[in-house]
Amino acid sequence: MLPYNLRLAWHSIRRNPILSALMVAAIGVGIGACMTTLTVYYMAAKNPIPHRSDRLFHVQMDNYPITPSYEPGNEPPDQISYTEATNLLRANQGYRQAAMFKAAFPLQPKDPDIRPFLVLSRVTGNDFFSMFDVPFLFGGPWDDSADQSPAQVVVLSRSTNDQVFGGENSVGREVRLGDRDFRVVGVIDDWAPSPKFYDLTNGAFLDVEDTFVPFSLVEPLELDTSGNTNCSGNQQINSYAEFLASECTWITYWVELPDRAAQEDFRTFIENYITEQKALGRFERAPNYRLRTVGEWLEAEEVADDHIKVVVWLSFLFLLVCLLNTVGLILAKFIGRAPQIALRRALGASRATLFWQHLTEVLLIGAVGGLVGLGLAQLGLVGIRKVMGEDLAIFRMDWTMAGTAVLIALMASAVAGAYPAFRVGRMAPASFLKTQ
Amino acid sequence: MEIRPILSALMRNHLGAALVALQIAVTMAILCNGAFIVYQRIETMTRDTGMDVANIFTIDSQPIGSEYDEESATWRDLEVIRSIPGVVAATTTNSYPLSGGGWGEGLRPSPDREQASITANLYFMDEQGLETLGVELAKGRDFDPTELYIRGRNDSKLPQVGIITQALADELFPDDDALGKLIYPGEDPVEVVGILRKMQGSWLGWSGVERVFLVPGLLLDGYVRYMIRTEPGKRDELMPLVEEALAQADSQRILRRMRTLEEYRANSYNSDRTMAVVLSTVMGLLIIVTGLGIVGLVSFLVNQRTKQIGTRRALGAQRFHVVRYFLVENWLITSIGLTLGLAMTVGLNYWMVHSFDMERLDWIYIPIGLVLIWTLGIGSALGPARRASRVPPAVATRTV
Amino acid sequence: MLEMQDISKVYRTRLIETHALRDFSLQVAEGEFVAVTGPSGSGKTTFLNIAGLLEDFDSGRYILDGQDVTRLSDKKRSKVRNEKIGFIFQSFNLIPDLNIFDNVDVPLRYRDMSAAERKERIEAAVETVGLSSRIKHYPSELSGGQQQRVAIARALAGSPRFVLADEPTGNLDSLMARQVLEMLEQINDQGVTVVMVTHDPELARRAHRNIHLLDGQVSDLEEVSQLAGSEQEARHVAV
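If you read the protein sequences in the order shown, they are chains P, C and V. Taking our numbering, the leading residue of the first sequence gets 1, the next gets one more, and so forth. Taking our numbering, the leading residue of the second sequence gets 437, the next gets one more, and so forth. Taking our numbering, the leading residue of the third sequence gets 837, the next gets one more, and so forth.
Be aware that a few hints might be false.
Selected chain C positions facing chain P (in silico; Cβ < 10 angstroms) [as the list claims (entries may be wrong)]:
no., residue
1, V462
2, R589
3, R693
4, L715
5, L812
None of these hints come from the bench; they were simulated from the model. If you're wondering where the values come from, they're calculated on a predicted model, not measured in any experiment. Every residue, glycine too, gets a C-beta built ideally from N, C-alpha and C.
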């Protein structure tokens, strides 16, 4: 029956080209608008590392002094202080852990023809790469020894390697960051988690850094963060050592806890740690810490903000209008065809047959509308990239979204077509066969 | 007018009409709420910055190597920049207004530590700072070159004088004139020597964006930032000249992020602008779709009633009677839809206020929406209605 | 009442010209009951459309109730139709979405008439055709004969000087056809001119005068029967 129904549907679509085009356009425009906004939402809200999300925990601890604006139970600062970072690293209580912050270095290529340029660097430990599943093109992370004692080693991003070494395997060669030489130990392959979950504090949709250097270099090289620093209360800071010892928070900390037991142990550890620190005269406030998985952390930081949600809802309402429009057009079309339908009924077509015949037609229109919508959504996303002035991965559609678009279009047209198709079956055969 | 019979005929053909009425109701809800949101975004984006935004640009200088003398390089660079014809003023700064990156400092009106502090955007600028920003000094005086404080890498002191915005002054001293008062970032007081009429700080999404605190000084942190104000209209032509002059003055550094203040502002408003553009597009499409929906319905009704129209014409209806019939019928459908739409508009807004961070709808959008959609309805129905009026009366005597 | 002089009407398509009426002339006096007959394609419908001011003609002159209606604007023609002519159609042409009251009301709506007067006229007209008890009913709830009676009421409500009936009994069985015909005779008795187009000779015989159309021209009855006879003969030959 299906091929016959498809043929009838195609005939019917061709017989009313303008009406059919209107229906396809209505569904297409509605789907296009929805998919454009939904893609932006989905890319913002999606978990960039789903398979490891539930074992990676973002650590927050409130080490601030009691200030007049302090309210117990508040959200602890996003980041932790250097003191906490070094203490936690030393305690080594997680399966893996990494402290990290963002720094900037001038990079001086050996080739005098290439002008020095500024590179962003993630200062972190070698667990960063294994925890976050970072793919390597050449070499690999630095050894544990570089984390224990300072070593001037570097991992380059693929694009930096392309820029400085023309894409060759640069492992073992040197690059000059600032006024020091660093030995390349690895080059990572293309890796662009979006949102950039591991450092939401400094921008959820920024690119991954150009270079990675060991956290152990912080003290010897007096590395400054180029990311967010928060200092609560008034602290006299007169030297780099005083800054490191201060309660200023500027380090993001991630820990991998593979199972529930490990998670419980780590919680106990943090609670004990806070108690210990209180005894040392730190942590004035009531114990307050958070361990959040990647998903929870994305949600807490409201990466997919209300603006996006409102726009998505409004565009779905727009799709509703488009569908109402389509139902109206379909109904008009089917009612106009009443005599023909009556004839088919008289010739023995059952209600079910007619229902499926007409539903096939609507679904065919829906499928075409969905494809048109997919094309319009691509245009919409190009438009958004233009408006944003930034070419971000967040504004690209993946196959999941493309599939969703066609599915929504089919479902929407099935909903839109079901009633008119049902009505077709209810038309009394006799009334339309009489001459009018 | 023949409203009653039109309405009763409509009631017997309610499905198509009900669909269009529903469509109009949702259209109204989206248009009113959407227009309100778009208008709010535009209002936010076009707020007065207090600065001469159009003629300011910035450039960063990152020294290479640890032996770099940042302080003297800064004064030399400023001299180079200021000597270029067309440059009105230039200053060094620790961060750029409107850029999204900045320094928040807690301030108190007294040394009492128990008092809650008010956070303001802190900027270190030199004696040309105010002129570079193009801000208006409402009261007091500008900085004196002798007041410049050089804050080294391991120093946490602030200069002894500062200039604040009126908005910050109102927060710190709600009942008093802030000029000449001491404010306390920490233990050491800063004297307020001037008050700016208005200036926006770094974080445009922050409610305290107009709380700005300027101090005379140079912050040595291994990274130098310059703001340059040019004569009106000369910005774009001077930008490459300034970059070239700085590059020639010193090669031991990387010049980067030469941007206009307008670009910074545009970037900060990216999400607002995108929302406004996307919503406007959706609203435009919505008007088209709803308009076409009405055209479709009226055309369908006209086609379905060709015989009836012919009969009416035979019985003496003039063309305008036929046009009027369809317009009135459509107006009725539209009005039913709008009545429902009124409730939906308010409901949608209520839901958005409660579920998302949105504001209550301004009532003025409702009459505007009503008039717009009525016009849309009449406009869309007019074409098919006129076509209906061209149905010849002889149709009445055709047998089929 | 009705005077047509040398009226011609040609339908043109890209390929053919059809002379629907050629130099057609006709006079109908006030109070007359005239039947217009003729086979299919003889120009009956064209005559009806022109007589009812539903269509233009190419040449000739048409005077209706002392008024020259040859070249009138659409608006004026509408007014003439509305005020002077009562139409009765073969397929009734009732508006299915309106009840009887509202159907009869349709032509009255196009006049400047108070609601009270309209109501009075509608009720009187519906009373005349004996359907007062069904005034709130919709056409689909009525039999064919009843529907045609509603159509007659609609034609009468405007007190026309001239009723134009197009195959008024074409869609009715003989009993109902007789009722409708009797009603037309009653209307005529009240002084209203009636012109009825029909292909039914029996129906035509009830009229005061018969006009037979052939190829867009008036022909004598005798000629017609002769022609009809020769046509039959010809057919025999062919077989």
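(message) Min Cβ distance, C:R693 to chain P: is it shorter than 10 angstroms?
(response) This interface hint holds because 9 angstroms falls under the 10 angstroms limit.
(request) Let me know if the C-beta of C:L812 comes in closer than 10 angstroms to any C-beta of chain P, holds or violated. (result) violated, 13 angstroms
(request) Against chain P, run the beta carbon of C:R589 and see if the smallest gap drops under 10 angstroms. (result) holds, 7 angstroms
(message) Hint validation: C:L715 versus chain P, beta carbon distance must be below 10 angstroms. Holds or violated?
(response) holds, 6 angstroms
(message) Quick check on the hint: C:V462 CB to chain P CB, less than 10 angstroms?
(response) holds, 5 angstroms
Consistency note: the structure conflicts with earlier hint 5 alone.
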